[in-house]
Structures are given as C-alpha cells and as structure tokens.
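Asker: This is what each chain is made of:
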Amino acid sequence: MFRLFPFLLLLSVQALADERTFWRQVREGVEGYSAVVGVETNKLIQASGTQWLYIRNELIAGTGAWVLALTVFALACFYLVRGKVRLSEPRSGEMIERWNKKERWLHFYTATLFIILAITGLSLLFGRSLIIDWLGHEVFASFAEFAKIIHNYTGPLFSVGLALMGLIWFEDNKFSQIDWLWFKQLGGFIGNKHPSAGRMNGGEKAWFWLLMTAGFLVTVTGLNLDFPNLEQYRLVMQISHIIHSVAALLLIVGALAHIYIGTIGTEGALEGMISGKVDKTWAKQHHDLWLKALEKKSSADNDGQQNTESISQKKAEIPLKK
Amino acid sequence: MARMKFICDDDRCIECNACITACKNEHEVPWGVNRRRVVTLNDGQAGETSISVACMHCSDAPCAQVCPVDCFYTTSDGVVLHDKDLCIGCGYCFYACPFGAPQFPQDGAFGNRGKMDKCTFCAGGPEEDFSEAEFEKYGRNRLAEGKLPICAEMCSTKALLAGDGDVIAKLFSQRAIQRQLNQEEPNNSAASPKLWGWKTAYKD
Amino acid sequence: MKLIKRSTSVENKSENTLDRRTFLKHSSLAAGGAALSSQLPFTLMEKAEATEQSEQASTDIKTIRSVCTHCSVGCGVIAEVENGVWVGQEPAFDHPFNLGAHCAKGAAVREHGHGDRRLKYPMKRIDGKWKRIDWQQAIDEIGDKILEIRQQSGPDSVYWLGSSKHNNEQSYLFRKFAAFWGSNNIDHQARICHSTTVAGVANTWGYGAMTNSFNDIHNSKAILIIGGNPAEAHPVSMQHIFKAKEQGAPLIVIDPRFTRTAAHATQHIRLRPGTDVPLIWGMLWHIFENGWEDKNFIQQRVYGMDTIRKEVAEWTPDKVEQVTGVPEAEVFQAAKTMATHRPGTFIWCMGGTQHTIGNNNTRAYCIFQLALGNMGVAGGGTNIFRGHDNVQGATDLGPNAHTLPAYYGLTEAAWKHWARVWDIDYNWLSKRFDPALYDDGAGGKKRTMNMSGIPVSRWIDGVLEKPELIAQKDNIRAMVFWGHAPNSQTRSPEMKQAMEKLDLLVVIDPYPSNSAVLHDRPDNTYLLPACTQFETYGSLTSSNRSLQWRDQVIEPLFESRPDHQILYQFAEKLGFAEPMFKHIRVEDSTPSIEDITREFNRGAWTIGYTGQSVERIKKHQQNWHTFNTTTLKAEGGPCDGEYFGLPWPCWGTPEQKHPGTPLLYDTSKPVAEGGLTFRARFGIERDGVSLLAEGSYSKGSEIKQGYPEFSADLLKQLGWWDDLTTSEKQLADGKNWKTDLSGGIQRVAIKHGCAPFGNAKARCIVWQFPDPIPIHREPLYSNRRDMVKAFPTYKDRKSFYRLPTRYASIQKIDYSKDYPLTMTSGRLVEYEGGGEETRSNPWLAELQQHMFVEIHPADANNAGVKHGEQVWVEGPEGGRIQVMAFITERVSRGLVFMPFHFAGHYQGQSLADKYPEGTVPYVLGESCNTVFTYGYDSVTAMQETKVSLCRLRKA
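Residue numbers (this note's numbering), protein chains in the order written: chain A, 1 to 322; chain B, 1 to 204; chain C, 1 to 955.
Rather than coming from a laboratory, the hints here were simulated on the basis of the structure. Please note that a few of the clues may not be correct.
[Unchecked claim] Pairs of lysine to any residue residues, derived as SDA-like cross-links and limited to a Cα-Cα distance of at most 25 Å, are as follows: (1) C:618 - C:630; (2) C:243 - B:115; (3) B:115 - A:267; (4) B:84 - A:229.
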C-alpha cells in the first residue's frame, strides 16, 4: 500500500542533525515555504492522502458495496417471505387526508433529488468497477462528468428540501413511549400485530431522524466538497469525503428500505403520498392513534369551518400530547 | 525497461525556482497552475532544506487508484499520464496524491475545477505525438523528441535529476559517495552518510 | 473484496519509448507555433497569422544562440524560432558557463517573445494622460526641447542615464554620444552596484573586475562569500560553487541574513550590517597572530602590508566582537579555514559595496586575499559577481560619469586619445563642453569636460540642489532614463519631487518603468519603446570578463527600436551624427553593430578590449562546446588554446591572437598565454619605497623583476624598439601601451614575456582615497551611538561629484530611539533590478506576488504584527511604505530585510492607473527605496542601501 513513494524520496534525503525527526516531520506534513501560491503548496508530502485512498477504496467502496447489496438482498428476501403487507380489513372507501399538498411536493422534490444524488454519487464510487467496462471509458467519462455536475449543483437543493422537512415534520417525529412498543413489535412487519402509532410510526420517525442527522452531515460535508475554491486543506476534504460517503450510504440503505415499505412493501402507502389521502382502514391499521385523534378533533371542531390543511397539522399534535 | 524518475538532490537545491518557470515556459502553463514547486523546510533556520517536487510518477500511483473514471495510465517508460478528455475534474487525485501534484485551472465553485493538469514528465499525453491537441492539452512531448524533462535539464545547480531511475539513482549515489569521501572528516557525525539516511527515516 | 479496480498499468497508449526518439520537428513546431499565436497580443496577430499560413510552406526552425539578459553569469540561451516567432527554449548544455542550467529568470526568457506588458509605441503625456505619438514626432519634440535647454543652461543640464542592459556596442555608443553632446552627466547602474568594487579593486592591483571566473571556483579549496547571496542573485554560479564544495571546499557565508546561500554553508557568520572592515581585520588578526600569511607573496607582490598589520593589530578579538557582534570563536574558525585551505576564493556582492565606506570594504577584502597569497592563482582570486548581464561591459566601455570608455579617465590626454580613435578634432570636441571652470572638490578648478559628472545616485540632488552650490552651470533640467529603473535608487520622496521639477523627462525602455508613474507630471514626459537584447544583437561582457556574442532572436516587437538606432536618431536630431558616425556605417538610420565593435577594438587598449574582434567573438559563440568547463580553454577546434570569450585583457590587435586572460595576475603563465602580473598603475615608488614587484614575474618574462608600464621610451631603453614594424613605429612613437593605436608596444612587450602594463606590487594603501587604508566608519544611519562615537563618518564635503555631500551632519542626529531597527535590502531570485521587466513576466510574477518585509519574530511581536499582515515601514527621512509582514528567522533580531525589485505603489497608494494602458506589470508593490536614505560612498558616491534605520507600525 505505502510502497510507492518512499523509494522516490529516499534519494532526495539529506542527513540532518537528526534526520529521523526531520523526515518524520515531513511525513507528518510539516509546513515550509514555497513561492508557489495555492492550497498547501508549502507541504512537501501529505501522508493523509494514502490513508484516505485506503479508506475510500477499500473500506467505503468495499464495505459499502456489501452493505448495499445485502440491503437489496434482504428486502428481496423479506418480500418473498412476507410479501406485501396488505390491509387486514377491506377498504372503507372513506378517505382521510394524510399528506397535504405542500408535504407531498416537498416529499417528491426531496426524493427525486435524493435519487439523482444517489445515482450520480454511486456512479462516482462504483462506476469505475461496474459500468466502465460496459460503457467504455469515453462514454462513462461523459456520463461521470455529467453526473458530477448534476451532483454538485443539485446537492445544495436537496439540502434545502431536507431542511424544510425538518421544519414541518419535526413535531410529528418526536419519539414517544408508543414508538418503543412499535419497535418491539417490529413495526408489524413480522407477525400480524398492528402496533399503535401516531401520525408517524416508529419506523418513520427513525427514518426521519436518520435523514436529519445523516442528511445534516451529508449537507455540511457536501457543501465543503462542493466549494474547493475556499482553499480548504486536503485533510478537511478527505475527512469530509469520508463522512459524506458513509452518511450517504446510510441514507441510501435507509432510503431503500423506505422505498420498499412505501411502495411494494405496504399496501396503500404510496397512494397516500401520491394523492395525499388514505383509506380510513389503512389509517386505522397503521396509524390508529393518529386516526383517533383526528376523529376526536374532528367532532370537537365539527361546527367550525375548517381548513383541511390546517386540521391535519393540529390533529397530528394530539396523540403526541398523550 | 526504463522507469522514469525524478530525484532532487537537496544538498544542491537552492530554491531558485527555475524548474517551475522552465516548465511554464515549455508547456505554456497558465497562471495558477504549477506542475512543479519547490518547498523549503526549516526556512531561515539551520537545517534549511529545499526540495523541488512535482508528480513523482509513482509505481502504483494513488491518483490512478482513486480516479473515478480511470483516466490515468502508465507508459512503458513508467511515466504516469492522464487523459484530459476523460478527466471530470473531481479533485480526488489531488486529495490522494502525497505530493500535491494535481493542479486545476479553475476556481472550483460547485466543484468546477476544470481538467486536472499535472507534470507529464514532458511526455505529452494520449494524443498523437507532437500533435497540436497534445501540445494544447499536455504541453510538449520532449521524451518523444529524445529529450528529458525541461525542469531537470535547466536546473541551475543540477540538483534535480530526471531519467531512468536506475541511471539517475546511480548518478546520485556516486555524487553522494564522492561528497562523502571528500569531507574532511568522513566519520564526523554531521557529515554522516547522507545517501542512506532514508532508511532510518522510513522505518515505520 | 476490492471493488475498485487496480489501475490499468502499463498501457501502451503512448509509445513514447526510446525507439521513437526521432525528433519530428515538423509537427512539433507547428503545434508550438499555433499554440503560441493564440496567446500573442493583438498587435502581433498579423505576424502570428502569417506564421500559421506559412506553416505548411516552411516549418524549418532556426536555432539561435543568445545569452540570458538577466544577471552577469552569462548563461547561454538556445532559442528556437519559427517564422519569426520564438517558439522554444532549449538548455545550452554545451555552454561552458551554465552547462544548460538556468535560474527562474533564465528559464523564463522566452516570455520576451510575448512581451504583452511591453511599452508598445512612443507615448507622450498630455494633461496627465498618455497619448500615442509616432517616432519622428517624439524625436523632434524631445530634440527641440533638449536643444532649448542646452541653449539656456548648457549641455550639463541634460542628464543621460544609460544602462547595463545595453550591449557593449550600445554602451560604448552611449558614452560616445554624451561626449559628442558635451557633458559628463551620464551614468548607469554600475554606480549603485559595484562602483566601490571597481574603485577599490582597481586601486589595489590595477583592474576593477572579477579576477578569476565562475568556472575557476572549481579549483578553490575554500570559498568565502561576504555580502552576497548567489543562490538568489546568481543561481547558476552555485553550480560551480557546489562543485568545489563537494570536492571538500568549505563554504563560509558572511551575511547578516540567513540567506538561501547561507543554508548551504559550512559556516554562516551573522555580522552587524556595515561592519565588514572590522570583521575582515578580525580574521586577519588571527592570520597574522598565527603567522598564516603568505610571507613570500607579500614580500614579492604586495606594498604596504606592514601598515595593515599595524592597523589589524588593534582589532583584537574582543573589539571585533564588540563592533561586529561576531564571537571570537567564529572569526577564528573562518580565518583558520581560509588559512588552511589555499587557494581560497573570496566572493562579494552588494552587501559589501553599498555603504558609505564601500570602497574601504572592497579594499579590505582584497587585502585579505593578498595576505593569504590567494591572488593570481587558479581557485583563488576575488570573484566579484556583477549584477546585470552586461554591467561589466557597460562599466568597461560605457556610460560612466567619471571616465571615458576603458577607464581612460577625463583628463585631456584621455580626451585626445579618444578623439584620435574617433578621428575627430579634439578642439571641436572640447568646444562642445561648457567652457567655464568649476570647483573640482579637491581645491582646484576644472572644466566640466575634465570633471566627473553627477552620478546616477545623486541626480536628484542635481535637480533639487541650489544651482550655485553645484559645480556646473545650472541644475539638471532634463532627464533621459535609458534603461534605468529609478526604484533601484534611494530617497523616492525626493526623487518624485525632482521628477516633477524637471523640464523634460524621457524614458527609453522596453517597459514604462517606475519613471513613468512615480511623478505627477502633466506634460513634457515621453516614453519611447526600446528593444530588449533578444531583438537586436551584439557583444556583452559577463562577470568573468568574457565577451560573448548574442545573435538576434526575433525582430523588434511592436514599434520598439534598438538603442543604437535611437541613439543615431537623436544624434541626427541634435546635429552631431556625421562626426559621431564617421567610421560607423549607418543603414536605415541603424548603425552597424560590427563597426562599433571594431571602433572600440581600436581604442580600448587599457583593459585589452582590442583583441576581441567581431569575428573572434562570433567564432567562440559558434564553438562554445569546445571549451573546457573549468579552465575555459578551448581544447582543439577552431579556437584551440583560446579562453572562452577572450576574457579581457585580450592584448593587442585581433591579428595578434592573444587568447584572453582567464585569471588576472596569474604569473604561472606567459602573458602571451593569458598570464599577468599586478599592474604598475600607481607610479614606481612611494616615499622612497619601490612599488614594483620584487622577484616575481610572469612565466617566460625576459625581465625578471618588477618593471613600469611600457611606453615607446621604455622600449627604446630596453633595446626592443626595433622589434616594431615600420608602420607600428609611426603610430607608437611618443605613445605608451594605452595610447599606441597600432598595438605594437603591447605586441613587443608580450613578445618578451612582459605585461604591457608593467609588473608592480598590489598596494594596500591607496593614498589618494579619503581613507588610505580601509578603516571602519559607522553608517550614516546607525542605532549604535557608541559605535558612532568611536567610528564616526566623514566630514561633509562641499563638492563631490559636483555636489555638496553630507556625512557627519546626518550621522550626528540620533534616530536610534524613534527608528530602532536596522534595515537592509537585497534580491529575490525571481526578479531582477527594478523588476519592471520580470514583474511583467507572468511565469516569474506568479511566484512573488507581494512586496514584503522580513521581520524577526521578536520584532514582529514588539510591533504587534502577524505573518501576512500589512505593516508600515517608516524611515528616518520620512518615507513610509505599506508592505506585507514576512515573519522569519532569516533575519536576526533588530534587523529587517526588504527586496528592492518592487515598484508601482507609493506610500500606500497604487500607481496602477498611471501606467499607459496595457503596460501595468502583473505585480506591483512598494519600492523599499522609498524608505532608504541618504548616504554615499566617499569615493564613488555609491548609495548606502545595505544599512539604514526604520520602524514598524501595524497597518
């Protein structure tokens, strides 16, 4: 791994009073003087480069690939074994608004960007191994360049989506005792129990918080990587890149599960996000507390003229206050 | 098979920066891109040491390993080159390179760095030898002309050596041994065998 | 698992291997030319397009030999030119001086072929704005104004400020031009770089030049560098220094600053700036104390060493330490090293020369070498590294206020000699000068024709001083800056004033230079574009006295013209072209360079610029690969036995085929083969003591004793008169070796193994100088008041180089409280001189983008400044500059250092908008000389830029 450059430097070595100290300092990236203006031009060698290379190429790319592959495999197996989680009762035909227009827009805005970023990002990480032989160097390079540009420009837009999500769904995603039960019952995916849940069940909350934390890291490191013109030290960029990659991979794993559950994994989930409305049966099965609170609230406010959009938010608070 | 290498004799390097301007001159390298630079350590103090550094044309180059589009290749002379048509300007090679060799021509906001540029050991690039495209993208191809890198050829004190690794290593070791023999007190610790100093330095 | 593929190793995408080393010139250069054309400035597009069109037709590339135009090492340059475009620069591996090497500047000279920041056409300032004019208008307007000033104030009111950047022919022509104009108010950079060396050294043993050569350092057993930083100022010379060092020669560097050179030294001594004489005496103290001096050498070849011995005896180690700050052990070690490693070479530069006692310093250095017997031997000598590329040649032949070409002086005899060479009537020449008599500063009265002109260091005073106090008719009213950077001179605030007071300011230069922007002149200011030396051709003299021929690389860029053409045009306008160019062919208003060379060959006998004919110099250039890189002697080939560049003195006529003198005063060789004795320049006896050599003579000399300089009379006395041919006799009768235009006297002397200039002792006492033996005097601005008391400077002088000159009246004021820091200046490797040319070269400018001041961490903490912050440097005369703080231990506590190459900012203001459009250099900065102060050497009026005082304030 490290065999490449010592040989070259060895010949430009000078014996100093204490050479060992001198060369240790050089390898530690001691700063000197250089007439050349630029980032760290005054460092002779940066030892962290090869470490970063190892982490990226061996650990992140290696492990990351396994993790992604296993995730897909696990979801596939799960689907084969468990199949789609169907509604346990027939649809009532009564539709309840679950996601208002803004929420749906925000969801799909962020989701689209996420997918774009994931695909472009993964292309840079795995493209060389997976597609380059298939596409050829030239085509892949064109694609990769396009991917890089898209990734760099859409990244900040995705972060805006994330931030807005954090703002509007923060209240809905505070953890409570119920979530513990939800997790204990494995969210109802295994077995036939339907654990209680408010507007957001434990799984959704977990996903929300993963998005928020990993998303925050991805955002900060991504912005850092996106603006090398700020002349950050290479170490900063290397650390940023490592955090960015790990966090992004976690998000992708989470997103795979989220997409699975939201599409083929659960009957009625996707239509809720598309139309904004869910069948009452679905609501009862997956978000019983939310439905109860909604009904309670609804009867209490029955006289008043309501704005549907504001209702859903106010209602949503109720189960959480229990 | 020759493996082209650079060696900088820091007993002789005086940070005159000729290697930098010779390179700029030869390849018409734009302002802000420096394929070579000189680093002075312990500047202004006893033990001050200047070393000229550029792409060291590593045997197993980190830049090549990390490049997402696999745009690097090693010529049969052992020169590490890259294909600017493939390069996407991601900057990974700059993060990986121990020597800070990769350079980027643009300011870099939103990662727009332009195509990476680095020392070619004066060996051009993948374009046809001596073609206009080769000159525009990579500079002159001196190696194909039977010449060696201009930085080393023009070095003011012949501190920077370039060429077949075996040949220049021999040249350098002869120089170092000669230097050693000519010391008044060869066993004086201040004049300890300089050539072999690296062994201790790199004993990890 | 490895998901990332290994790098595709050893692909044969490009088979640039050994078997494909056929140089495909055609395609390679087509590419180069086309790429270049896209970067050429607008005005060159026509030429560039022509290049592209003709690529198919003619792609043959011309390889042209030239010499770097930066420093005086004289590195060979190989330029590749295709259809008039300079497309490539190759290392000149065969060149004996540089062996292919270059420094940052030399490796970037091809940028001269781009020249996009050049002054492109003649310009005139109208109402404070630059306006383009044509050449004829410029010459006419300037000429008329100059003639008007001559009418009103006499010829001495126009100052011709020449350049070390001119080639030998142009320098010589420039001096001749001033002579025909009728004034000695002419000078050039040598005044402010090595004038004290030339004066000190020439007055010690005869010639004021580097005695050996860069290559000869290979033979040195020890190297001592004082006040020099060749690693930055003459980087290629380090190649030769390292060669000696690696053969075991210790390298001692004496410098107040830890320079890049000091970094490679075996011993670095930090002395207090300006205390060179005490340090040298301190070393000599140990040498005498231990009996290490070369007694035989001293007895045979040195006059006055006993007096030195007495003086040195007073410089006991403790006193030396007190004055110089160098502990006894260090002084002893250096002295011992030099004594036990002989021959050792002694190198100095501006650190020694730029002092009020610069001439004392240089003489002390010489005496040191004399004491050790290091003179006239390979590996020894005083190797004085000159500054600009042709500063040696310009000093020898060109614009000097104190002498005609070849150091003939300004006496009537000198004028008559040159009048004879020029084939003009002496009386006519004499009438060109002011007929009045003025105070010559030595108690007599002289005409300005026979009196030194105002030196470049003092032109400001020539403008600003009260006219009745100047030893000439009126103030200087017109300045012609012909290749001179004014920011290399001290006292910018006063210079600005002086520039504004002038009636006429003319700048003739490839770049506008600081002269174009420092002042706020609304009009009567002209900029005329001159060529660089790559756009013309001619000879130059490198530091080691070798002459080299430069071939023309490219045609003049834009509307620029070569200096000799501009000189001709002015001579024509001013009405003396006909007599001046009597023996110089002129075509298209351009004088023939070769004819000018031949003319100085006919007249410059004193320093042997007579044997180097155009043909011989060109032959050396074409055969530079045949010369040995240590001895510089050609081994076989057409120049067999000759030394590279025929280093002067190259005695006699070209036909006599003298090989040149590689080492001055080397008695181990016959004079005919480059041997020499010390020159008998100072008479034959002094106070009853003989000044001639005793028992020392050059190999093969028929006179085995000292002898005076040769003259017709001496030949007759010796019975050698009849060795002259009849035609020689005619010219030689009544003449001496310096004035015999036939060269016969020199020929006969050499035939008998004798040096034409005699065989004398070098002298340690220069009785004509203010300090006959070198003594220490504190700088004018010193913060060591105790030292000022013990070693005071000179008394003020009423007329020195025509001007009242202050010494004691400045030194007596105590500035040490307000300005506690000592300030010194020096070079950067990327820039040269005033820096306008190099700061306009992007390849160089990128590497030094900010003017800075080096400050010791302790002083920085006291001033509250951090690295990279802006700081005000303020001098005791009121100048202040805002620069970047560079905190470093390169300087010792109490000392600050600044490079002198910057200009274009003035006291915190950028002058960028005052440049003509498109000529602003890439990098501008404050000139350190805005802060540097008054102070002039007591012999040559060299400015004191190596030591002054300042204080720092956070900006």
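Asker: Hint compliance check: list the failing hint numbers for this structure, sorted ascending.
Answerer: When the structure is compared with the hints, numbers 2, 3 turn out to be violated.
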